[in-house]
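**Student:** If you read the sequences in order, they're chains A and B.
So the first sequence is numbered by numbering that gives the first Met the number 0: it starts at 0 and just counts up by one.
So the second sequence is numbered by numbering that gives the first Met the number 0: it starts at 0 and just counts up by one.
None of these hints come from the bench; they were simulated from the model.
Treat the numbers as computed from the prediction; the structure is a model and nothing was measured.
Among these hints, one or two may not hold up.
Partial chain A-side listing against chain B, Cβ under 8 Å, derived [claimed, not checked]: (1) S4; (2) P5; (3) F6; (4) Y7; (5) E9; (6) E10; (7) Q17; (8) R20; (9) G51; (10) V55.
Distance condition first, Cα-Cα at most 20 Å in a straight line; then the derived SDA-like pairs of lysine to any residue [said to hold, decoys possible]: (11) B:K186 x A:E60; (12) B:K194 x A:K45; (13) B:K192 x A:H11; (14) A:K3 x B:K31; (15) A:K3 x B:H32; (16) B:K194 x A:D68; (17) B:K186 x B:E69; (18) B:K31 x A:R15; (19) B:K227 x A:T271; (20) B:K31 x A:P5; (21) A:K46 x B:K186; (22) A:K3 x B:V26; (23) B:K186 x A:W305; (24) B:K66 x A:K45; (25) B:K192 x A:T271; (26) B:K227 x A:D68; (27) A:K46 x B:E43; (28) B:K186 x A:T271; (29) B:K186 x A:E268; (30) A:K45 x B:K186; (31) B:K192 x A:I314; (32) B:K66 x A:R24; (33) B:K195 x A:M237.
The C-beta atom is built at its ideal place from N, Cα and C for all residues, glycine as well.
For reference, the chains in residue letters:
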Amino acid sequence: MTTKSPFYTEEHEAFRTQVRRFVDRECAPFIDQWESAEELPRELHKKAAEAGLLQVGFPEEYGGTDGADLFYGIVLTEELARAGSGGLIASLMSHGIGTPPIIHTGTHEQKLKFASPVIAGDKIAALAITEPSGGSDVANLKTRAVRDGDHYVINGSKTFITSGMRADYITTAVRTGGDGMGGVSLVVIEAGTPGFTRTPLQKMGWWCSDTATLYFDNCRVPVANRIGPENAGFMAIMMNFNNERIMLAAQAYAFAKVCYEESLAYARERTTFGKPLIRNQVIRHKLIDMQTRVEAIKANLDLMTWRVTQKQMPIAEVCMLKNFATTNLEYVANEAMQIFGGAGYLRGSKVDRIYRETKVLTIGGGSQEIMKDLAARQLGY
Amino acid sequence: MKVLVSVKRVVDYNVRIQIKPDGSGVVTDGVKHSMNPFDEIAMEEAVRLKEKGKVTEIIAVTLGGAKGEETLRTALAFGADRAIHVKEEGEIQPLTAARALAAIFKKEGAQILFTGKQAIDDDANQTAQMTAALLDLPQATFASKVELDGTKAQVTREIDAGLETLEVDLPAVISADLRLNEPRYLKLPDIMKAKKKTIEAVSFADLGVEAAASLKTIKTTPPPTRSKGVMVKTVDELVSALKAKGLV
Ligand SMILES: Cc1cc2nc3c(=O)[nH]c(=O)nc-3n(C[C@H](O)[C@H](O)[C@H](O)COP(=O)(O)OP(=O)(O)OC[C@H]3O[C@@H](n4cnc5c(N)ncnc54)[C@H](O)[C@@H]3O)c2cc1C
């Protein structure tokens with residue numbers, strides 16, 4: 000195939016073929032079932048690991064794939080999105096936000112214990128930053144960890160935690176020091192720790208992802224579970240956000256593309272007033288407006304991804320990318336709903352689900368307003 | 000034991016085939032291509048036999064233009080040890096392919112040639128049989144199960160009447176049917192490692208092969224479109240309509 004982008008090689012395309020096969024066989028036929036069950040089966044993580052999907056971005060020493068750049072992550076997101084469910088990506092890939100802090104700042108023993116089994120699909124990881132008192136103001140989180148010998152005694156709660164019901168290892172932000180960003184540490188809280196309980200949350204979208212509120216009531220966690228130095232967690236969280244935002248932009252791109260493709264196929268097939276819908280100029284223009292945005296998101300996404308692979312830290316640009324991608328997804332999903340008419344409003348169509356899942360992308364991982372503020376500060380306004 | 004697996008680059012099975020306006024063939028420019036699905040099954044079988052310790056070396060072979068390299072990289076990611084690219088642009092007829100495969104088979108001293116039962120582009124289903132004939136070797140086509148036992152292979156094959164089991168002496172030619180196995184997912188590290196394995200390029204001239212010209216494509220046309228159906232109101236009407244058409 001003629002190369003349409005300097006960023007993708009034959010290996011990326013070969014990987015795409017494999018992910019597509021996995022999605023066609025192991026995900027697409029079961030999505031509706033998982034959406035009703037409001038969680039993914041554990042075996043799916045194992046199957047995904049066996050097919051090589053969970054290893055991208057992690058070092059070989061801990062079971063990952065060395066040399067797989069961030070573009071493989073985009074290919075993976077793009078293909079998983081074809082099943083038409085954001086919850087699938089969020090929950091199957093929750094280790095994509097829960098495990099990197101361990102890889103970047105953990106010790107060898109911590110990586111073997113908390114990262115390797117997750118990358119192998121045997122355990123599930125989650126990241127818990129947001130609290131009932133607020134998610135945007137990370138520096139002022141309230142969950143407290145008080146040192147008692149070889150343990151921290153943790154009290155507080157976390158909410159909106161993706162894969163929170165099933166997670167075995169939860170990378171959790173806690174306050175170990177004074178007020179503000181300088182008092183935050185990361186600890187891994189293991190399922191089954193006495194004093195740790197959780198309850199599921201019901202949502203507008205992402206149904207097959209088990210989002211939860213977590214409660215810590217005098218929960219004793221070994222100091223050995225702390226990731227990185229005490230009170231140095233804030234930077235690790237911020238670094239992690241940068242990658243998460245690129246992947247959220249990738250999701251927005253991928254779902255916008257699915258909306259466009261579904262709409263195009265529908266417009267060709269659906270007949271109104273005795274002719275195919277697509278024979279109306281109004282509809283053709285809608286489709287072109289959608290595709291124009293899809294292409295624009297992709298160009299921005301690929302360039303920022305490339306900059307990150309070059310070890311640059313384009314924080315402001317990644318914030319703007321996340322906003323650009325997610326607001327354009329809202330536009331594209333809205334037009335897709337319109338082209339589908341009543342059929343789009345019915346439960347079970349991809350377009351219905353994507354439409355319901357646009358908002359989580361403009362809120363999660365740093366809301367639109369917070370992204371704008373951060374970008375403005377980064378640019379020195 | 001050394002085995003040869005032939006793999007062909009074809010238009011991907013998901014692509015809706017379009018005919019060129021002048022009827023000279025199907026549109027292939029800018030269209031996604033992949034390894035012929037039956038060849039993937041043949042590859043998978045060879046790799047499984049290697050994993051069981053029955054096969055020591057797998058050589059993947061493709062015939063065709065420069066882009067055939069992609070297909071060979073896929074074969075190498077599956078687990079082929081090395082690959083041979085018979086690099087020739089333009090149409091390659093089954094007899095030509097059979098001649099080239101026979102030449103390589105002899106040169107390599109291979110024990111088995113695995114092929115797909117047919118390629119999904121022209122569905123010729125001839126290459127395996129012709130290669131066996133040229134090499135004067137036993138053939139077991141449409142395999143749904145293969146067991147190797149020293150100098151023999153037991154092959155269960157799918158035939159119209161059901162299943163048939165053949166025992167063939169090695170060396171032999173075996174073609175894979177759909178139910179022989181389910182090809183594995185290629186893992187990213189294997190995809191990346193495949194890039195470093197060697198592909199040897201050869202030409203028909205190097206192999207001493209002459210291109211056959213026994214087939215001529217006159218025109219390519221799409222299959223006739225289904226004509227519009229009629230709605231019948233009652234079962235009686237249906238029965239009489241079927242009778243009128245001589246179908247019952
Ligand atoms: C489905 C889902 C899954 C999630 N998964 C996870 C997860 O796995 N882990 C995790 O830690 N979190 C997760 N989150 C939480 C998510 O990151 C937060 O919802 C997000 O950061 C916003 O926090 P909040 O909901 O508390 O909103 P708030 O912080 O209360 O903000 C409310 C609104 O006010 C705006 N706002 C706040 N402050 C300002 C300001 N200074 N100026 C202007 N506007 C402002 C915000 O933009 C937002 O629109 C998830 C959320 C959802 C919905």
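**Student:** Does each hint hold? Answer for all of them.
**Tutor:** Do the hints match the structure? See the list:
A least Cβ separation of about 14 Å between S4 (chain A) and chain B goes past the 8 Å threshold, and the interface hint is therefore violated. Taken as an interface hint, P5 (chain A) does not check out: its beta carbon lies about 18 Å from the nearest beta carbon of chain B, beyond 8 Å. The criterion of a C-beta within 8 Å of any C-beta in chain B is not met by F6 (chain A), whose closest approach is roughly 16 Å, and the hint is violated. This hint is violated: Y7 (chain A) has a C-beta 13 Å from the nearest C-beta of chain B, more than the 8 Å allowed.
Given the 8 Å rule on beta carbons, the hint for E9 (chain A) holds: about 6 Å separates it from the nearest Cβ of chain B. Hint on E10 (chain A) holds. Least Cβ distance to chain B is approximately 5 Å, under the 8 Å limit. Contact between Q17 (chain A) and chain B, as hinted, is supported at the beta carbon level, the nearest pair being about 5 Å apart and thus within 8 Å. Restraint check, R20 (chain A) versus chain B: the minimum CB separation of about 7 Å is within 8 Å; hint holds.
Look at G51 (chain A): its Cβ gets to within about 4 Å of chain B, closer than 8 Å, so that hint holds up. This hint holds: V55 (chain A) has a C-beta 7 Å from the nearest C-beta of chain B, less than the 8 Å allowed. Between K186 (chain B) and E60 (chain A) the alpha-carbon distance is near 16 Å, which keeps this suggested pair within the 20 Å criterion. Distance restraint check for K194 (chain B) and K45 (chain A): the Cα-Cα separation of roughly 27 Å exceeds the 20 Å cut-off, and the hinted pair is therefore not satisfied.
Pair hint K192 (chain B) plus H11 (chain A) holds up; C-alpha atoms about 13 Å apart against a cutoff of 20 Å. For the hint pairing K3 (chain A) with K31 (chain B), the CA-to-CA distance comes to about 13 Å; that is within 20 Å, so the pair holds. About 16 Å separates the Cα atoms of K3 (chain A) and H32 (chain B), which keeps this hinted pair within 20 Å; it holds. Simply put, K194 (chain B) and D68 (chain A) have alpha-carbon atoms about 16 Å apart, close enough for the 20 Å limit, and the pair holds.
As the CA atoms of K186 (chain B) and E69 (chain B) are separated by approximately 16 Å, the hinted pair is consistent with the 20 Å bound. Between K31 (chain B) and R15 (chain A) the CA atoms are separated by roughly 12 Å; this keeps the pair inside 20 Å, and the hint holds. With a C-alpha separation of about 19 Å, the suggested pair K227 (chain B) and T271 (chain A) falls inside the 20 Å cut-off, and the hint holds. Restraint check: the Cα-Cα separation between K31 (chain B) and P5 (chain A) comes to about 18 Å, which is no more than 20 Å; the hinted pair holds.
A threshold of 20 Å between alpha carbons decides the hint, and for K46 (chain A) with K186 (chain B) the separation of about 12 Å falls inside it, so the pair holds. With a CA separation close to 19 Å, the supplied pair K3 (chain A) and V26 (chain B) stays within the 20 Å bound. Only pairs whose Cα atoms come within 20 Å are accepted, and K186 (chain B) paired with W305 (chain A) is rejected, the gap being roughly 23 Å. For the hint linking K66 (chain B) to K45 (chain A), the alpha-carbon distance of about 34 Å lies beyond 20 Å, and the restraint is violated.
Of the pairs offered as hints, the one joining K192 (chain B) and T271 (chain A) is violated, with about 52 Å between alpha carbons and a cut-off of 20 Å exceeded. Between K227 (chain B) and D68 (chain A), the direct Cα distance comes to roughly 52 Å. Violation of the 20 Å bound is thereby established for this hinted pair. Pair hint K46 (chain A) plus E43 (chain B) holds up; C-alpha atoms about 19 Å apart against a cutoff of 20 Å. Distance check on the hinted pair: K186 (chain B) and T271 (chain A) sit about 46 Å apart at the alpha-carbon level, beyond 20 Å; violated.
As the CA atoms of K186 (chain B) and E268 (chain A) are separated by approximately 37 Å, the hinted pair breaks the 20 Å bound. This hinted pair checks out: K45 (chain A) and K186 (chain B) have alpha carbons roughly 14 Å apart, not beyond 20 Å. Annotation: proposed proximity of K192 (chain B) to I314 (chain A) is violated, straight-line Cα distance about 34 Å (limit 20 Å). With a C-alpha separation of about 28 Å, the suggested pairing of K66 (chain B) with R24 (chain A) is violated against the 20 Å cut-off.
Using a Cα cut-off of 20 Å, the hinted pair K195 (chain B) and M237 (chain A) is violated, with the two alpha carbons roughly 37 Å apart.
The structure fails to meet hints 1, 2, 3, 4, 12, 23, 24, 25, 26, 28, 29, 31, 32, 33 from the earlier list, while all remaining hints are met.
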